[in-house]
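Could you slot chain B onto chain A? The hints should help.
Note that the protein sequences, when read in sequence, are chains A and B.
For the first sequence, our numbering puts the final residue at 134, and the numbers step up evenly by one.
For the second sequence, our numbering puts the final residue at 1386, and the numbers step up evenly by one.
Calculated directly from the structure, the hints in this document are not laboratory data.
Here the structure is a predicted model, which is why all the values come from computation and not from measurement.
Quick reminder that beta carbons are idealized off the backbone N, C-alpha and C, glycines included.
Careful, some of the hints might be misleading.
As the list claims (entries may be wrong) - Below, in silico cross-link-like pairs of lysine-lysine (PhoX-like), each with a Cα-Cα straight-line distance of 25 angstroms or less:
1) A:23 / A:126
2) A:126 / A:90
3) A:36 / A:90
4) B:1343 / B:1281
5) B:1343 / B:1329
6) A:126 / B:1286
7) B:1329 / A:23
8) A:58 / A:90
9) A:36 / A:58
10) B:1281 / A:58
11) B:1329 / A:126
12) B:1281 / B:1329
What the hints assert, rightly or not - Partial selection, computed: residues in chain A whose CB lies under 10 angstroms from chain B:
13) 24
14) 29
15) 63
16) 72
17) 74
18) 121
19) 126
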Amino acid sequence: AQKVTQAQTEISVVEKEDVTLDCVYETRDTTYYLFWYKQPPSGELVFLIRRNSFDEQNEISGRYSWNFQKSTSSFNFTITASQVVDSAVYFCALSGASGYALNFGKGTSLLVTP
Amino acid sequence: NAGVTQTPKFRVLKTGQSMTLLCAQDMNHEYMYWYRQDPGMGLRLIHYSVGEGTTAKGEVPDGYNVSRLKKQNFLLGLESAAPSQTSVYFCASSYGQGATYEQYFGPGTRLTVT
Chain A
21 AQKVTQAQTE ISVVEKEDVT LDCVYETRDT TYYLFWYKQP PSGELVFLIR RNSFDEQNEI
81 SGRYSWNFQK STSSFNFTIT ASQVVDSAVY FCALSGASGY ALNFGKGTSL LVTP
Chain B
1273 NAGVTQTPKF RVLKTGQSMT LLCAQDMNHE YMYWYRQDPG MGLRLIHYSV GEGTTAKGEV
1333 PDGYNVSRLK KQNFLLGLES AAPSQTSVYF CASSYGQGAT YEQYFGPGTR LTVT
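If we strip away everything but chain A, and leave its shape as in the complex, we get (with noise of 0.2 angstroms):
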């Protein structure tokens, strides 16, 4: 069975401030893949990253990046000087590579604030 758990359900940060997204996975597959999407006020899901098992390098785009650690089945999502725009729910969601859905989890909703 896969699972993807995102214990924090609420963040609220001020602008400018980092924030970092927790998400932790359960899987047996060897070979899976993990995403990233984010869900804005306006109701529409957009994807944000996409990592497979094999591939460990940590990624950066703009204020965005990605730290992938197989040692404890985490893919944590920081942002760097958060932003009012920022403000939506992100998921972090789970597949191995035979399988046809997204397992997301239950998704942590970032309010940053001026």
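Then chain B, alone, in the frame of chain A:
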């Protein structure tokens, strides 16, 4: 290039009524999915399709039926709506199998069953 579109955007049904949600994609994707999103639950897979004329059950298929008569369309039907089906429904599509490829999501349909 509209991506993934869903109709309608909002709908209110009475218990026992039926309706069909339409998902259309113009990216020539083979795979299509229907998810539901409930508060605090993340997204859960209802049904999916790996190609025209094929459908399969996901995690929460009860009370729903689907059809994929054309490659670009994936229909989700509720034969006898129940209040437990009040949710936001998302359609998604991908070029290849499951999560090895990015899933593109539609804007969602908010359904209320009274």
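Going through the hints against the structure:
1. A:23 / A:126: Holds. Residue 23 (chain A) to residue 126 (chain A) sits at ~10 angstroms (cutoff 25 angstroms).
2. A:126 / A:90: Holds - the C-alpha atoms of residue 90 (chain A) and residue 126 (chain A) are around 21 angstroms apart, at most 25 angstroms.
3. A:36 / A:90: Measuring from Cα to Cα gives roughly 30 angstroms; hence the hint is violated.
4. B:1343 / B:1281: Status holds; Cα separation ~22 angstroms.
5. B:1343 / B:1329: Cα-Cα ~18 angstroms, so holds.
6. A:126 / B:1286: 28 angstroms, violated
7. B:1329 / A:23: 19 angstroms, holds
8. A:58 / A:90: 23 angstroms, holds
9. A:36 / A:58: 19 angstroms, holds
10. B:1281 / A:58: Holds, at about 20 angstroms.
11. B:1329 / A:126: At roughly 21 angstroms apart (the allowed maximum being 25 angstroms), residue 126 (chain A) and residue 1329 (chain B) satisfy the hint.
12. B:1281 / B:1329: 24 angstroms, holds
13. 24: 8 angstroms, holds
14. 29: 8 angstroms, holds
15. 63: With a closest approach of 5 angstroms, the residue 63 (chain A) hint holds.
16. 72: 8 angstroms, holds
17. 74: Not OK, violated: residue 74 (chain A) not within 10 angstroms of chain B, min 12 angstroms.
18. 121: 4 angstroms, holds
19. 126: 5 angstroms, holds
Checked against the numbered hints given earlier, this structure breaks hints 3, 6 and 17; the rest are met.
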